[in-house]
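6 protein chains.
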Amino acid sequence: MYELGVVYRNIQRTDKATADALAALGSATVHEAMGRVGLLKPYMRPIFSGAQVSGTAVTVLLHPGDNWMMHVVAEQIQPGDIVVAAITAECTDGYFGDLLATSFQARGARALIIDAGVRDVKTLKEMNFPVWSKAISSKGTIKATLGSVNIPVVCAGMWVTPGDVIVADDDGVVCVPRAKAAEALDAARKREANEGEKRDKLASGVLGLDMYKMREPLAAAGLKYID
Amino acid sequence: MYELGVVYRNIQRTDKATADALAALGSATVHEAMGRVGLLKPYMRPIFSGAQVSGTAVTVLLHPGDNWMMHVVAEQIQPGDIVVAAITAECTDGYFGDLLATSFQARGARALIIDAGVRDVKTLKEMNFPVWSKAISSKGTIKATLGSVNIPVVCAGMWVTPGDVIVADDDGVVCVPRAKAAEALDAARKREANEGEKRDKLASGVLGLDMYKMREPLAAAGLKYID
Amino acid sequence: MYELGVVYRNIQRTDKATADALAALGSATVHEAMGRVGLLKPYMRPIFSGAQVSGTAVTVLLHPGDNWMMHVVAEQIQPGDIVVAAITAECTDGYFGDLLATSFQARGARALIIDAGVRDVKTLKEMNFPVWSKAISSKGTIKATLGSVNIPVVCAGMWVTPGDVIVADDDGVVCVPRAKAAEALDAARKREANEGEKRDKLASGVLGLDMYKMREPLAAAGLKYID
Amino acid sequence: MYELGVVYRNIQRTDKATADALAALGSATVHEAMGRVGLLKPYMRPIFSGAQVSGTAVTVLLHPGDNWMMHVVAEQIQPGDIVVAAITAECTDGYFGDLLATSFQARGARALIIDAGVRDVKTLKEMNFPVWSKAISSKGTIKATLGSVNIPVVCAGMWVTPGDVIVADDDGVVCVPRAKAAEALDAARKREANEGEKRDKLASGVLGLDMYKMREPLAAAGLKYID
Amino acid sequence: MYELGVVYRNIQRTDKATADALAALGSATVHEAMGRVGLLKPYMRPIFSGAQVSGTAVTVLLHPGDNWMMHVVAEQIQPGDIVVAAITAECTDGYFGDLLATSFQARGARALIIDAGVRDVKTLKEMNFPVWSKAISSKGTIKATLGSVNIPVVCAGMWVTPGDVIVADDDGVVCVPRAKAAEALDAARKREANEGEKRDKLASGVLGLDMYKMREPLAAAGLKYID
Amino acid sequence: MYELGVVYRNIQRTDKATADALAALGSATVHEAMGRVGLLKPYMRPIFSGAQVSGTAVTVLLHPGDNWMMHVVAEQIQPGDIVVAAITAECTDGYFGDLLATSFQARGARALIIDAGVRDVKTLKEMNFPVWSKAISSKGTIKATLGSVNIPVVCAGMWVTPGDVIVADDDGVVCVPRAKAAEALDAARKREANEGEKRDKLASGVLGLDMYKMREPLAAAGLKYID
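Protein chains in written order, with the working numbering: chain G, 1 to 227; chain V, 1 to 227; chain Z, 1 to 227; chain F, 1 to 227; chain D, 1 to 227; chain C, 1 to 227.
Hints in this document: simulated from the structure, not taken from any laboratory.
You may find that some hints are simply not true.
Stated by the list, open to error - Calculated pairs, EDC-like style, for lysine to aspartate or glutamate (alpha carbon to alpha carbon, straight line, at most 16 Å):
#	chain 1	residue 1	chain 2	residue 2
1	V	LYS180	G	GLU216
2	G	LYS224	C	GLU75
3	C	LYS143	G	GLU216
4	D	LYS224	G	GLU3
5	V	LYS198	V	GLU216
For reference, chain G alone in the conformation it holds in the complex:
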């Protein structure tokens, strides 16, 4: 349940070096490195392809059709942050457009993750301000009801606490809890370290069946080949 009408000004952000380093590893590798948890639902899609970012979460809870708190969260953004916006009910309205993006970008935000809709997507692309959202919609919003800023929120099925790290790219959006960020970075780097070697082997025609030594467990599980 959410606390309404509050703005937490002091949040503990994940160490910047760690938060920044996770971008290069990508959402899939980071998600695997954490034990296949942390992923927001796959309906969250980038409004343009190719962006790959990480940053510290500042969160905002909004009511359906009401983007008032977007202006409140703008003030809490610090360089390197990513805004994570949750809604108290299903909504596809366009909460965010080029003016808010200008403000967010001026404050140092790297991206917006929103479980609703956005608009002005052509301009957002020109500004190179990436957004991962559930929908794109011209539908505007009102400014009438209080939500909250920097409380923990559920965004697209995932629990996000202010200061956590968000990693987002064309594959989706992952949340890395602050307490696990260093460990996740380590594990992700280890996963990636030997990917080059694996890729070379596979490219040369070596089969995963052999490289991963799967033939025996497959036979043990009962796999039968029929000619």
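Here the structure of chain G is known, so what remains is to put chains V, Z, F, D and C in place on it, guided by the hints.
Relative to chain G, chains V, Z, F, D and C alone:
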């Protein structure tokens, strides 16, 4: 992000009298009383109509297509509990049927809330064991991967902490945090207290426009009547 | 596009005898009788089964998450009316519960058709106040923004003009324009008149192939039987 | 890919005793007994609850919005059959109502499984003619285009060959291939045989953890209990 | 309800200068300027990004899986028109491909808005003929049943009258009624006029909180800052 | 129903010249040429636009959340093949990424068609390895349960037999049965042969109404023009 492979045996349950008293108020009134928050997504539907329950949450995190942890959570159930099951990815498989329901009921569980599918629904109805789920499906599950029991989970878009109160009826499922339960009960009772009087007035033909004194604010907002 | 902030008090309702007589024919027969048009989208489902109604439409346009105008439309209801509620954007919130139903019923409304959610469905069933809706949800609404009453609206994909006839049953909801209502009633009655005879023939084992003389056109279209 | 414009009159039906005996076991048990395969997608729902049937499949392939072939398939029904209707594209129209049901029932059909919509559901319930469908819709269909009867079809994601056994109940719809039906019946009966004993144990408070001897493999997988 | 089998040849188109001028303002600004109404449902997406058009609506009503009337509407197109296609039931078939696009383009059409599917999207992009649709599908259609041309239709939830203005871009599709077009253009231009200034302020780091003077109303609504 | 735990090593592939030649005709033309059948559901979308391929199907059946068999199918790929992956239940997990793509590409696969999710889509695009899928998701999979390779499968609603031809482009995915491939190629080429001439006529302003001689049948069907 979730901690995997752990079972918390000692959780702090909401005071039993409070947890039990919330059932009679219903999910809609309780949801309103908390400031219109706490509701699980409306795709969560009862497998049969008419049940109205409340109880303390014991939680279980499951992997898609794998119900192994359902047997683990069974041991943690105490009389008056409601099991809240979350899945790490979208899944409609039938995680739960009449055998598990027999076990849950024997342990004193009042209901299951599951963000996936269930089966044997005809028998569950005969047993009067209510379930709110995303789907009904004969599709069975395996028992291969560890999840967790009694960690906080996101179920159908809502954050549920073990020991919170769950209120469920034909209108949906609401989660009341332990720390807010007494206050929510109070507020819900107050909301309900004067509903009878309101209902009598409305039944006699008095309009909400007059009873709630809305004519002036509507006019102030610019409402125009055209004959 | 909608005109906002207006309430039309004088609408031309379809002749009462015609509007009332359509209920008995049912949504499927009436829909066919009009040339297979007029049906609201099939996601509109009754909150309880068995109700079969017809009546004259009074319409209300609402904003997402805001049910203020529900109280305004209540005043415009006359006995025999069915309220048709459209929303300016997708929404599943519970706009309507037992108190509003009490008021609508006191005014003589026969049903509500709403392209959104409702709540208190157990009580609505006890009151025998039928609703066809897109969702059931405990989620409450606010009272902040003006919509309109008795303007033409699009509800679940169908254009509904105040005074049109609504026919609703377990199969769905059909809108019959006022100008076509008498003709539709006639055509629907004719369709139904010979259904009894057809049913008897089919029940005795006569095939539709023979009763409708389809064998020749099927052969002409190229149908081949293979033994 | 489908062969269009053909009706196969002679199909090899599963042995009647086997086909009939599967009903009592239910879709979930039969699905498990076959190795968790054969289930139609869970969006296939009964139009009324409580029916539990099995029978031999006669199939019909229809075009969207066109139910002409429904009359052709009626002639191919033999007592004990269940009609399985597939559509060449997504469609929710109401292909089937009380007149066709009267004809199907007169021919000895036990049920209809259709990956589209049906109508007259109140009457179908009164007739006790069960249908599992994707939708309920008043929307009627035309009679213009040839499909086929008794060719193999994909219905709700499952391959159904004429003469296979269909098992359907409140949990869903399973297809049992003719060649596997005897074996599936055997396996399903074995699964069910010791369910009574298991249920008694679980009802007495024995845990699945102990009954299924799961404690050791759970510990081996790394499960940790925290007090 | 729709009138079937008719083609209205003489429609009153919005004044060309007005219709043409709306494109530059974009769907979001125009939608806001009209009071946040007029938007087609956000599932309507462009088949390629970057197009931004406006024009006068010619409408066509089609049956599911039948594109016969597409050839009829082609004849009614005048330079500057946008074809708006509605279907009498849900359908994702590919009603429109490169041949029809060639014909529409030769007649002067600027775009197609269709509540169904289209195909040949690679060629349509090469031709620079923009389409906003619900789906992309290779599925072809037949030519068997009459619909209508230039009657008012509901397309993706919005009422569109022939001659209205359609504004479409990457954010979605808006319908501006002919009678409101001049006023909407005015209002949209006013909205846009001071956007440049606002954007500069926000880019310089001024907060919306200050620029829009929101601090006081937020405090009045009860917003609390916590350090 | 599916046979589990088997790998068929010897499948009869469609003649290579025929399989290869179908790519140039595209999914829409091939689908039409077969009589409007063979199309996978339109939710199957390319992960990047512009790819247009054909090839012979090797099939793999997977369990939800488990991609073990992807390594087994890799060994069965021959140059010119397209892998068709079906899942035994609904799943959006990312079964396939850049490492598997490297292996598939090294074996000569031209594409993947999967009724689930994939990841590493940016890299897949750089590798020019096209995929048509239901979802994009970072969510990883385990390797625990046997499926099968080169059995007939239902993928996105279509029956695919190993050795059939798959044709895929921006419009969707079509399956051409081996036995019909030569005939489909012929028919598709005939359809295409006179498209150039038609396109020229339409581009010059000739109407489809005249080119296809539709005016008379439209009038016969009752179409009325109103001035």
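We went through each hint and held it up to the structure:
For the hint linking V/LYS180 to G/GLU216, the alpha-carbon distance of about 55 Å lies beyond 16 Å, and the restraint is violated. Restraint check for G/LYS224 and C/GLU75: the C-alpha separation of about 14 Å stays at or below 16 Å, so the hint holds. Distance hint between C/LYS143 and G/GLU216 is fulfilled; the C-alpha atoms sit about 13 Å from each other, no more than 16 Å. Distance check on the hinted pair: D/LYS224 and G/GLU3 sit about 11 Å apart at the alpha-carbon level, within 16 Å; holds.
A distance of roughly 20 Å separates the Cα atoms of V/LYS198 and V/GLU216; the hinted pair therefore is violated under the 16 Å criterion.
Checked against the numbered hints given earlier, the structure breaks hints 1 and 5 and satisfies all the rest.
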